[in-house]
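**Student:** Counting from 1, position 86 in the sequence shown corresponds to residue 86 in our numbering; the numbering is continuous, with no gaps.
None of these hints come from the bench; they were simulated from the model.
Check before you lean on any hint, since a few could be wrong.
[Said to hold, decoys possible] The following label-pair restraints were derived from C-beta to C-beta distances:
id: 1; residue 1: Ala139; residue 2: Met286; range: 13 to 23 Å
id: 2; residue 1: Gln326; residue 2: Asp180; range: 20 to 30 Å
id: 3; residue 1: Gln21; residue 2: Glu244; range: 52 to 62 Å
id: 4; residue 1: Glu244; residue 2: Glu66; range: 47 to 57 Å
id: 5; residue 1: Asn212; residue 2: Met1; range: 22 to 32 Å
id: 6; residue 1: Lys216; residue 2: Asn300; range: 31 to 41 Å
id: 7; residue 1: Gln21; residue 2: Thr209; range: 40 to 50 Å
id: 8; residue 1: Asp180; residue 2: Phe265; range: 48 to 58 Å
id: 9; residue 1: Arg118; residue 2: Lys216; range: 22 to 32 Å
id: 10; residue 1: Ala58; residue 2: Ser277; range: 43 to 53 Å
id: 11; residue 1: Met1; residue 2: Ala40; range: 13 to 23 Å
id: 12; residue 1: Asp215; residue 2: Met114; range: 18 to 28 Å
id: 13; residue 1: Lys216; residue 2: Lys176; range: 20 to 30 Å
The structure presented is a predicted model; accordingly, all values stated were derived computationally and were not measured.
We treat Cβ as the ideally placed atom computed from N, Cα and C, and that holds for glycine.
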Amino acid sequence: MKILMLSVRDDEQKAIKEWAQKNEIQVDTAKWELHEDTAAKVQGYDGLVIQQRSKVEAGVYPVLKEAGLKQIATRTAGYDMVDLDAARENGLQVTNVPAYSPRSVAELALTHTMRLIRNLEIFDKRTEEQDYRWAGLQAKEVHSLTIGIIGAGRIGATTARLFNALGAKVVANDLKERADLQDIVTYKSKEEVLAEADVICLHVDLNETSYNLIDKRALELMKPSAFLVNECRGPVVDTDALIEALQQKKIAGAALDTLTGEENFFNFDLRGKKLPSEQLVKLREMDNVIITPHVGFYTNIAVENMVDISLDDVLLILNGGRSTHQVS
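Please put together the full structure from these sequences, using the hints given.
**Tutor:** Next up, the structure:
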C-alpha cells in the first residue's frame, strides 16, 4: 500500500514519518498541488491526501479514477476546493478533518479579540513611530463584554468556553443548540446576536448558505463600538461591505485570519511587490484592522492531528471501511 501526500510543508514531515512507521505503510510526499497538469503523477498510488486552497479542476477526477484511486482526503476542515459531484461520479470518496484542534482556532479568536479591545494594533504602530500617547484609547475588560458566536460547532463552542471562563457573557447563533453549552451560551437569532454583541466571532463552514453571511445589512445591525473577528473562511464576509463599514465607522474594527482571494497572497513573501488585492491594500491602511495569514490552524497539536486524521481516513477507506469524516 502506498499513499501520496501533496502540498506538504517541512513542519508536517515529522508527523508523517511517525504515522508511516507506526502503520508500516509507505507515505510519499510532494510540494505540488493536484491539478490537471499534475494529476497523472498519482499513478501507482493507492491513497491520496491533499491540502490546497485552489480548485481541483474537472479534468482531474477521471484521471484519478483511471489510476484506480477510491478517495481524496483533504487535511483541512474546508473542502470547497473539491467538486463533490465530480468526485462522486468518478467513485471517489472525499474526507476532511473537521476538528483538527478546535482550541487552535478558538485561541486565535481570543487573541485577536484581546488585541482589538486593548487597541494593541494602534499602540504597536504608534510606538514604532515613537509616539507614546495613549489618550483616547481606553480599553475594555473582557469580562465586561458580550461575545457573539455565529456558528457554535466544535470551534465555536470552544471559543464560547474560553470567553465564559474569563467572565464574558456569551450569546450564540447556530442551526443546532448544544446541550453541553446551556450553562455557557444563550442562543438567539443571528440578528439579535449581531445587535447585542460587543465582539462577533465567526466560526461557520463555507457553503452555499454562508457566502456573504456578514453583508452590508448584517454590519449595519452591529454596534458602532463592536468588533468583527473572522477565523473561518473569507467569503463568509462581504469584504467590500466590511471596508465600507470600517471607513464609515459603523463598526469599531476587525480581525481577519482569512480573506476572499487569500490564495493569491497568504503564505507568499510579497515584500517590495505590488499586492494583488485592492481589498487587502485598503484593509492594511486601517489601524483598527488586524490581518493574519490564515494561521488559526497552525499549531503543534493541530498540524499533527491534520496529518494523523487524514491518513487514518485513507487507511480506513482503503481497508473497506467508511469514515465519519466523509463529505461526499
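**Student:** If I claimed the Cβ atoms of Gln326 and Asp180 lie 20 to 30 Å apart, would that claim hold in this structure?
**Tutor:** The hinted range 20 to 30 Å holds for Gln326 and Asp180, with Cβ atoms some 25 Å apart.
**Student:** Is it true that the C-beta distance of Asp180 to Phe265 lies inside 48 to 58 Å, as the hint says?
**Tutor:** 38 Å, violated
**Student:** Is it true that Lys216 and Asn300 lie within 31 to 41 Å of each other by Cβ?
**Tutor:** 39 Å, holds
**Student:** Regarding Ala58 and Ser277, is the given constraint of 43 to 53 Å on their beta-carbon distance met?
**Tutor:** 26 Å, violated
**Student:** If you check the beta carbons of Arg118 and Lys216, does the distance land in 22 to 32 Å?
**Tutor:** 28 Å, holds
**Student:** Is it true that the C-beta distance of Ala139 to Met286 lies inside 13 to 23 Å, as the hint says?
**Tutor:** Holds - the Cβ-Cβ distance for Ala139 and Met286, about 19 Å, lies within 13 to 23 Å.
**Student:** Assuming the hint says 20 to 30 Å, is it satisfied by the Cβ distance from Lys216 to Lys176 or not?
**Tutor:** 27 Å, holds
**Student:** Check the following: the C-beta atoms of Glu244 and Glu66 are separated by a distance inside 47 to 57 Å.
**Tutor:** 49 Å, holds
**Student:** Does the Cβ pair Gln21, Glu244 satisfy 52 to 62 Å?
**Tutor:** Cβ of Gln21 to Cβ of Glu244: about 53 Å, so the range 52 to 62 Å holds.
**Student:** State, for the Cβ atoms of Met1 and Ala40, whether the hinted interval 13 to 23 Å holds or is violated.
**Tutor:** 20 Å, holds
**Student:** Given the range 18 to 28 Å, decide if the beta-carbon distance of Asp215 to Met114 lies inside it.
**Tutor:** Hint holds: Cβ distance 27 Å, inside 18 to 28 Å.
**Student:** Is it true that Asn212 and Met1 lie within 22 to 32 Å of each other by Cβ?
**Tutor:** Violated: the Cβ-Cβ distance is about 43 Å, outside 22 to 32 Å.
In the structure shown, a violation is registered for the earlier hints numbered 5, 8, 10, in ascending order.
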